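Asks: So the protein lines, in turn, are chains X and F.
Residue 175 is where the first sequence starts when you use my numbering, and the numbers rise one by one after that.
Residue 579 is where the second sequence starts when you use my numbering, and the numbers rise one by one after that.
For the record, the hints were derived by calculation from the structure and aren't laboratory data.
Note that the coordinates shown come from a computational prediction; the quantities given were computed from them, not determined experimentally.
Just so it is clear, CB atoms sit at the ideal spot from N, CA and C, and this is done for glycine as well.
Among the hints, a few may not be true.
Cut-off 30 Å, straight-line C-alpha distance, at most; resulting in silico cross-link-like pairs (DSBU-like, lysine-lysine) [as the list claims (entries may be wrong)]:
{"id": "1", "chain 1": "F", "residue 1": "LYS717", "chain 2": "F", "residue 2": "LYS697"}
{"id": "2", "chain 1": "X", "residue 1": "LYS233", "chain 2": "F", "residue 2": "LYS682"}
{"id": "3", "chain 1": "F", "residue 1": "LYS717", "chain 2": "F", "residue 2": "LYS601"}
{"id": "4", "chain 1": "X", "residue 1": "LYS384", "chain 2": "F", "residue 2": "LYS682"}
{"id": "5", "chain 1": "F", "residue 1": "LYS807", "chain 2": "F", "residue 2": "LYS832"}
{"id": "6", "chain 1": "F", "residue 1": "LYS682", "chain 2": "F", "residue 2": "LYS697"}
{"id": "7", "chain 1": "F", "residue 1": "LYS717", "chain 2": "F", "residue 2": "LYS755"}
{"id": "8", "chain 1": "F", "residue 1": "LYS741", "chain 2": "X", "residue 2": "LYS384"}
{"id": "9", "chain 1": "X", "residue 1": "LYS395", "chain 2": "F", "residue 2": "LYS832"}
{"id": "10", "chain 1": "F", "residue 1": "LYS682", "chain 2": "F", "residue 2": "LYS717"}
{"id": "11", "chain 1": "F", "residue 1": "LYS807", "chain 2": "F", "residue 2": "LYS829"}
{"id": "12", "chain 1": "F", "residue 1": "LYS858", "chain 2": "F", "residue 2": "LYS823"}
{"id": "13", "chain 1": "X", "residue 1": "LYS384", "chain 2": "F", "residue 2": "LYS697"}
{"id": "14", "chain 1": "F", "residue 1": "LYS697", "chain 2": "X", "residue 2": "LYS395"}
{"id": "15", "chain 1": "F", "residue 1": "LYS832", "chain 2": "F", "residue 2": "LYS601"}
{"id": "16", "chain 1": "F", "residue 1": "LYS741", "chain 2": "F", "residue 2": "LYS697"}
{"id": "17", "chain 1": "F", "residue 1": "LYS717", "chain 2": "X", "residue 2": "LYS384"}
{"id": "18", "chain 1": "F", "residue 1": "LYS823", "chain 2": "F", "residue 2": "LYS796"}
{"id": "19", "chain 1": "F", "residue 1": "LYS717", "chain 2": "X", "residue 2": "LYS233"}
{"id": "20", "chain 1": "F", "residue 1": "LYS796", "chain 2": "F", "residue 2": "LYS829"}
{"id": "21", "chain 1": "F", "residue 1": "LYS796", "chain 2": "F", "residue 2": "LYS741"}
{"id": "22", "chain 1": "F", "residue 1": "LYS823", "chain 2": "F", "residue 2": "LYS807"}
{"id": "23", "chain 1": "F", "residue 1": "LYS590", "chain 2": "F", "residue 2": "LYS601"}
{"id": "24", "chain 1": "F", "residue 1": "LYS858", "chain 2": "F", "residue 2": "LYS832"}
{"id": "25", "chain 1": "X", "residue 1": "LYS236", "chain 2": "F", "residue 2": "LYS717"}
Quick look at which bits of chain F chain X covers, simulated, 3 or more residues with Cβ under 8 Å [as the list claims (entries may be wrong)]:
{"id": "26", "region": "594–602"}
{"id": "27", "region": "640–646"}
{"id": "28", "region": "665–671"}
{"id": "29", "region": "760–774"}
{"id": "30", "region": "778–792"}
{"id": "31", "region": "801–808"}
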Amino acid sequence: MSFLEVFQYTRQESVIHNLDPRAKLVISICLAGISLMFTDIIPMVLMICFLIPLIAAAKSLKRWATSMRGLLPLLLFIIVFNTLLSTTEYPFSHSIGLSLRLVALMTSFSLFFLTVHPDELSQALIQMGIRFEFAFAMSMAMRYVPTLGQEAYAIMDAQRARGVELDKGNMLKRIRNIVPIIVPLIIVSIRRALSIAESMESRGFGASEKRTYMETLSFRKRDWGVVFISLLGLVILIHFRFFFSLPEWVSWGLPF
Amino acid sequence: MPLVEFVDFSFKYLGSDNLALRKIDLRIDEGEYIVITGPSGCGKTTLCRAINGLVPQFHRGYIAGHVYVDGHDTRESRVAELARVAGLMFQNPANQLVTLNVAKEIAFGPENLGVEPDKIRARVEELIETLHLEHLREKHPHEMSGGQQQMVAMAATLALEPKILVADEPTSNLDPKSAESLLAILSDLNRDGMTLVLVEHRLDLVSRNATRLVLMDKGSIVADGPPRKVLSLPICEEIGIGIPKATQVYKHLKRNGCVLSRVPLTGEELAISVEEACNK
Ligand SMILES: Nc1ncnc2c1ncn2[C@@H]1O[C@H](COP(=O)(O)OP(=O)(O)OP(=O)(O)O)[C@@H](O)[C@H]1O
Ligand SMILES: [Mg+2]
């Protein structure tokens, strides 16, 4: 699953990291929108050529490259199956276009997820009017995922030590083997949740109607600039795509 | 006015058959350092919860009597309000860290209480400096050791600027070295004026600095007084708490007719007392 790495925040000092998360959300959505408007190979290649410098500006090119290498088997799968099953005139060319589109889409969204810390994300949501409790629940999920993972491993070890054969048997047996993992995991998690709730309560969670925030996000001039440029780009491309007949070379494809 | 006062307080958890606390009368004054100890299940955690209102506000059940914290009756005050007076540190540090970095964690309490951002930032920086947490600043709680987690939890509790710090077995998940340094910081805090209630089994580490030792058994307080006095009582052996080695020697000598001038808590103190007795 290494291709998912591209959606994981990495701490860096870069122009992109320093933008307001809300501005980055707008860029990402615009870029993804543009990627969805086209299917041909040439526009997708152009799109990816436009995205790569952005990723480079976020100092995450290496991570992006690793992820894309991880994505390769999936892309090959798409190409093979789509070529065999597609009903379009030039199935292979069409499949290449589709898989390039997937790369462009992933890259567009990764620009957001690579550079927005989960805490920033929840702060952005709060400032967009989402209730603190919900936004906080999301960042707490991030906080406790590794803990839960660790617990799952501990339980698996304990069950193995007691003779439960987790990795043996046919499919059905293996599915049934999940039960002795899941049940204790749920119990342990509920217990942990209570203990977390207790400690949050004693630190004043939900105390005041007017909760304050140590850091608030501020939308600066450059954030407005980025939003403006993104929207402008989107509008121009929508205009060209739907109200003009595009030049011949745009829809160039392989003849098979 | 005492900071905390238990008046004939009893409590039974919902769905439980026995009282977790029985007729507790306890008075805690400002500046005290109280160590609470007793066998497992005797009600120490419940007592801590009663000091900041988690009992009876969060854990419901049968109640008799009252607990007053800084003049507020805990039956009528919300835990969040009591959080300004009594800060609670729990046994499991991982469950107390709910955010993704140290500064956020320390800020969490004051933010909840609506403290102004500038003040919160100042407090965060101060606590990071005084508790030496600088190197942990950007770490995910998951990447910290138990001792580091507990230090961050302590900073987060102190950020509420409580008048009394209640720590429920804060060292039980720590290695001996981190436990010792945590206890040293707690006793420094007390020296600077913080009222401290500490549940702890390692009496050899805490008895010297504590002003009072409270022994509990089956939900009741069975002894309460200066550590040297309480440790010399026979009840310690009856309920089976681990008293310091030096104190054991003292008691042994006493049973055999040799009474030292004072109850020793450490080997060093024991040596001095024995020397005195020999010279006489
Ligand atoms: N949440 C709960 N619900 C029901 N009963 C509880 C709960 N917590 C504790 N008890 C019961 O209350 C009694 C006192 O428990 P408490 O946790 O206060 O003891 P303790 O002295 O802290 O023990 P330990 O040394 O094991 O931490 C025990 O009999 C326990 O089973
Ligand atoms: Mg306990």
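Asks: Does each hint fit the structure? Answer for all of them.
Replies: Each hint tested on the structure:
Distance hint between LYS717/F and LYS697/F is fulfilled; the C-alpha atoms sit about 23 Å from each other, no more than 30 Å. A hinted pair counts as satisfied when its Cα atoms are at most 30 Å apart, and LYS233/X with LYS682/F qualifies at roughly 26 Å. Among the hinted pairs, LYS717/F with LYS601/F is inconsistent with the structure: their alpha-carbon atoms are about 45 Å apart, more than 30 Å. Our distance criterion of 30 Å between C-alpha atoms is met by LYS384/X and LYS682/F, whose separation comes to about 18 Å.
Between the alpha carbons of LYS807/F and LYS832/F the distance comes to roughly 14 Å, so the proposed pair stays at or under 30 Å and holds. Note on LYS682/F and LYS697/F: the hinted pairing holds, with a Cα-Cα distance of about 14 Å set against a maximum of 30 Å. For the given pair, LYS717/F sits about 21 Å from LYS755/F by alpha-carbon distance, which is consistent with the 30 Å threshold. For the suggested pair LYS741/F and LYS384/X, the alpha carbons sit about 23 Å apart, so the restraint of at most 30 Å is met.
Proposed proximity of LYS395/X and LYS832/F is contradicted: the alpha carbons are some 80 Å apart, above 30 Å. Under the criterion of a C-alpha separation no larger than 30 Å, the hint pairing LYS682/F with LYS717/F is consistent with the structure, at around 11 Å. Proposed proximity of LYS807/F and LYS829/F is supported: the alpha carbons are some 12 Å apart, at most 30 Å. Distance check on the hinted pair: LYS858/F and LYS823/F sit about 24 Å apart at the alpha-carbon level, within 30 Å; holds.
Under the criterion of a C-alpha separation no larger than 30 Å, the hint pairing LYS384/X with LYS697/F is consistent with the structure, at around 15 Å. With a C-alpha separation of about 27 Å, the suggested pair LYS697/F and LYS395/X falls inside the 30 Å cut-off, and the hint holds. Taking the CA atoms of LYS832/F and LYS601/F, the gap is about 33 Å. The hint is violated against a cut of 30 Å. For the proposed pair LYS741/F and LYS697/F, the alpha carbon gap of about 18 Å is at most 30 Å, so the pair holds.
The hinted pair formed by LYS717/F and LYS384/X meets the criterion: a straight-line CA distance of about 29 Å does not exceed 30 Å. For the proposed pair LYS823/F and LYS796/F, the alpha carbon gap of about 25 Å is at most 30 Å, so the pair holds. Note on LYS717/F and LYS233/X: the hinted pairing holds, with a Cα-Cα distance of about 21 Å set against a maximum of 30 Å. A C-alpha spacing of about 25 Å is found between LYS796/F and LYS829/F, which places the hinted pair at or below 30 Å, so the restraint holds.
Taking the CA atoms of LYS796/F and LYS741/F, the gap is near 29 Å; set against the 30 Å cutoff, the hint holds. Distance check on the hinted pair: LYS823/F and LYS807/F sit about 15 Å apart at the alpha-carbon level, within 30 Å; holds. Note on LYS590/F and LYS601/F: the hinted pairing holds, with a Cα-Cα distance of about 11 Å set against a maximum of 30 Å. The hinted pair formed by LYS858/F and LYS832/F meets the criterion: a straight-line CA distance of about 16 Å does not exceed 30 Å.
Restraint check for LYS236/X and LYS717/F: the C-alpha separation of about 23 Å stays at or below 30 Å, so the hint holds. A count of 0 residues in the region 594–602 of chain F with a Cβ less than 8 Å from any Cβ of chain X is obtained; the coverage claim is therefore unmet, three being the minimum. Residue count for the region 640–646 of chain F with a Cβ under 8 Å from a Cβ of chain X: 0. That is fewer than the three needed, and the coverage hint is violated. A stretch counts as covered by a chain when three or more of its residues have a beta carbon under 8 Å from one of that chain; for the region 665–671 of chain F and chain X the count is 4, and the coverage holds.
Counting residues of the region 760–774 of chain F whose CB lies closer than 8 Å to any CB of chain X gives 0, which falls below the minimum of 3, so the coverage claim is violated. Closer than 8 Å: that is the beta-carbon criterion, and the region 778–792 of chain F has 0 residues meeting it against chain X, so the requirement of 3 is violated. Counting residues of the region 801–808 of chain F whose C-beta sits closer than 8 Å to any C-beta of chain X gives 0, which falls short of three, so the coverage hint is violated.
Violated hints for the displayed structure, listed by number in ascending order: 3, 9, 15, 26, 27, 29, 30, 31.
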